[in-house]
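Enquirer: Sequence lines, in order, name chains A and B.
If you're matching positions, the first sequence starts at 1 in my numbering and goes up one per residue.
If you're matching positions, the second sequence starts at 1 in my numbering and goes up one per residue.
For the record, the hints were derived by calculation from the structure and aren't laboratory data.
Backbone N, C-alpha and C define an ideal beta-carbon position, used for all residues, glycine too.
The reader is advised that the hints may include incorrect statements.
Said to hold, decoys possible - Computed footprint of chain B on chain A; a stretch qualifies when at least three of its residues, placed anywhere within it, have a C-beta under 8 Å from a C-beta of chain B:
id : segment
1  : 18–27
2  : 33–41
3  : 147–155
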Amino acid sequence: MPSYLLKRLLTMGVTLIGVSLLVFMMLHLIPGDPVRYILGDFATEESIADLESRLGLDKPLPMQYFRYMAGVFQGDLGTSYVTGYTVMEEILNRFPITAQLAVYSIIFGSIFGIIIGIIAAMNQNTIFDQLAMVISLIGISAPSFWIALFLILFFAYHLGLFPISGYKGFYSLILPSITLGLGTAGNIARMTRSSMLEVIKQDYIRTAKAKGANLYRLIIQHSLQNAMIPVTTLIGLQFGALMAGAVVTETVFALPGMGSLIVSAIATRDIPTVQGLIMFMAFLFIIVNLVVDLIYTKLDPRIRYD
Amino acid sequence: MVFMQVVFILFILSANGGMNMKKRTKSWLIPTVIASLLFTGCAPASQENPEPSQELTKGEIVVAAVTEPDSLDIHKTSSIGEPTEHLYATLFERDLNGEIVPGLVKDYKVADGGKEITFELKENAVFHSGKPINAEAVKKSFERFLEKSPFKTNAGSIEKIEVLGETTFKITWSEPYAPFFSNATSAYLAPLDVSTLDAQGEGFDKNASAAGRLQLTEVKRGDSVVYKPFEKADWGAKGTPGFSKVTFRFIPDDETRILEFKKGSVNVLLDVPFQYIEELEKEPGVELERVSDYVMTYLGWNNKLPIFQDVKVRQAIALAVDREPIIQNTMRGAAKPVFGPLPEVVNGHSPAIEEKARQKYTQDKEKAKQLLAEAGWSEKNGEGIVMKDGKPFSVEMWVQNEPAMQRVAQILQHQLREIGIDVRLTVKESAAIIEQTPKGSHQMILWSYGWFDADILYFLLFGKGKSTRLHYEVDELDALLQKGRVEMDPEKRFKIYEEAQEFLVEQSPWVPLFVRESITATRGLKNFKKHPISNRIIWQDVEVTE
């Protein structure tokens with residue numbers, strides 16, 4: 001296990017360097033000059049040159065990249081061109097909200113998705129199965145801004161159960177978490193259903209049934225555990241989708257998280273902020289998937305990493 | 001049956017069943033719950049204590065704004081708006097008729113043909129910190145502005161600033177700069193209290209001190225900015241502010257903003273989206289304040305391209321445009337057509353020029369076609385597009401990714417098509433347009449400008465080396481605009497700009513289109529007004545009634 005972990009951590013380092021290079025190149029290739037954006041209509045050739053020099057944008061691209069990476073290795077993700085705050089400050093300020101949103105969404109999506117998936121599998125080819133799959137399809141295909149507005153209108157505006165927007169503690173994250181978690185729930189439900197159906201057909205399940213095992217015990221104890229491996233993989237992968245989904249959800253709910261920050265940073269070509277946020281999100285994604293891989297060994301003792 | 005299944009599965013998943021699964025469920029459920037609790041604990045200090053209710057506190061005003069300012073530090077920001085501007089008191093102000101009147105400066109004396117101006121500050125004025133606004137403080141603020149601000153060109157070519165007394169200071173320019181007075185009515189040139197900043201001259205957001213009517217109390221990045229009224233500011237006849245707190249909340253989504261306002265958790269809604277005007281007009285207790293904006297939208301093109309060299313072609317394009325359907329269909333009538341180069345609120349606007357331009361360029365499709373024919377665009381291809389030397393008149397128009405602007409572009413496309421000009425629309429991000437237009441990579445653009453002084457005609461639109469969007473640089477016009485910059489006599493200056501505008505109307509290097517109405521919805525407030533020129537809230541008389 002330790003050597004596996006070491007290998008994974010090394011791979012993580014290489015992946016992050018790859019991500020940083022890719023993001024750096026993309027940000028410099030897309031049209032839109034941050035200096036001209038900041039100076040706007042008042043830009044003169046002198047002020048452009050002056051600001052470029054202050055931001056270090058007058059240096060050759062490879063030098064800019066190496067200077068940036070040298071900072072990253074020392075824990076310095078740079079300073080926002082636009083706000084003047086350090087990128088680390090911005091991330092630390094906003095990460096807790098996005099993290100809570102992601103965790104609550106995963107919890108909601110997993111519980112809801114697994115329940116629907118099990119119900120569908122247990123009632124295969126019945127109206128409940130079809131209904132469960134329709135619900136999961138809606139979760140996957142409905143645009144998150146539409147779901148968000150629907151939830152706001154019904155639960156926050158008409159019923160007054162939750163705040164409409166802004167961050168005011170746990171209650172203000174319930175509707176955004178449902179919005180974000182519905183797509184995850186849909187995917188998990190479909191995966192749980194198909195995995196469960198596969199497991200149910202196995203010989204040992206038939207044997208357990210023949211021995212008169214209680215149906216629920218059979219499903220939960222004997223089937224679900226084995227069906228959870230692909231589902232767990234999916235949960236890990238969904239984390240990336242949640243980060244992407246947070247961009248829209250945080251904008252609609254006016255949540256001061258990383259998603260809304262990245263939207264404004266891209267629009268203003270705030271290169272250090274975009275780069276720092278994407279690197280940080282990539283780091284989280286890798287860590288989450290490493291944890292998921294480690295959970296496999298718990299779910300299936302036959303899996304060994306050494 | 002299914003309900004029972006749901007209950008049972010929930011029971012198992014919540015780790016309360018006494019089976020083996022309990023242990024396994026813990027492997028993912030418990031860490032996630034712990035993680036979320038940890039993150040809750042990590043929430044920013046300013047956001048730790050949730051507000052239990054959305055009701056407004058007594059005397060509180062909550063303003064819903066679309067965008068968060070990049071920085072509250074006026075020397076660092078790249079744009080100002082309601083959430084920033086009221087933190088600052090300006091050196092000069094505009095009265096309700098647009099006249100420049102004293103602000104922090106009570107008097108001034110111009111010498112050496114405008115190269116030297118001696119300013120006398122009002123006595124007893126103080127910053128939010130309580131420190132006096134004296135000549136030394138203003139000098140330090142100016143020096144920081146000249147060092148850091150992206151807008152330092154707005155102060156002209158300052159050579160030196162000298163303190164002559166407690167409240168007297170002198171600025172010397174390398175050449176006279178007439179727009180200074182106009183520009184000094186904007187917060188960009190307003191003084192801030194440098195003494196409260198850290199050793200590096202940073203940290204304004206954490207310890208902000210300026211002299212505006214609103215004093216900063218809290219900044220929640222990405223969420224809101226909170227102010228209290230500055231007791232020592234001028235609060236008019238009654239002498240005290242009619243509110244106790246102002247919170248600017250940043251809610252980018254239109255629908256969410258509207259719902260917050262309708263629900264009552266917001267009592268000032270800035271920039272009401274056009275599609276909601278009618279609905280809010282019918283809402284009981286809601287008042288709409290409508291003020292003409294100073295930002296003008298125009299149809300421009302790269303005048304260096306051969307296709308736009310003939311003045312008849314440019315005039316034909318202007319004659320093809322009908323502003324009314326644009327305003328009615330895209331902004332529900334909440335805009336005012338503009339024909340001349342400067343909208344009404346800009347210092348230098350001439351009603352006579354506006355009228356002349358209106359008469360000359362009111363839509364006339366037949367005349368437009370005739371002018372095109374005279375310019376050699378008489379043949380038509382199978383699609384009805386005019387041609388010259390076998391080439392069709394086909395151009396690409398760039399438009400930013402804002403839905404209303406895209407609809408305007410579609411109507412313009414249709415109107416130009418009616419005189420035989422083919423327009424292809426390309427939607428681009430603002431950042432890309434800002435970068436690429438100075439290089440002349442564009443053909444046509446739908447764009448806008450906003451400033452309070454006629455000098456905008458020089459430093460952004462038509463000055464030599466400055467015409468970054470329109471690329472129209474003509475000696476005669478440039479000479480006039482340069483003259484306007486250094487002429488310190490307001491009347492003579494106005495005449496110069498009239499002449500320059502007349503030239504522009506005749507040459508038609510662009511098509512001015514409209515200025516939007518800025519619509520603000522309020523509820524539970526008395527005497528809420530916006531300044532007709534600067535389009536900013538006048539806090540002096542506002543009172544919370546509910």
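Enquirer: Against each hint, give a clear statement of whether it holds in the structure.
Expert: Verification of the supplied hints:
1. 18–27: Per the Cβ count (0), the hint is violated.
2. 33–41: It holds, with 8 qualifying residues against the three required.
3. 147–155: Coverage by chain B holds for the segment 147–155 of chain A (3 residues, Cβ < 8 Å).
Going down the numbered hints, you'll see the structure goes against just number 1.
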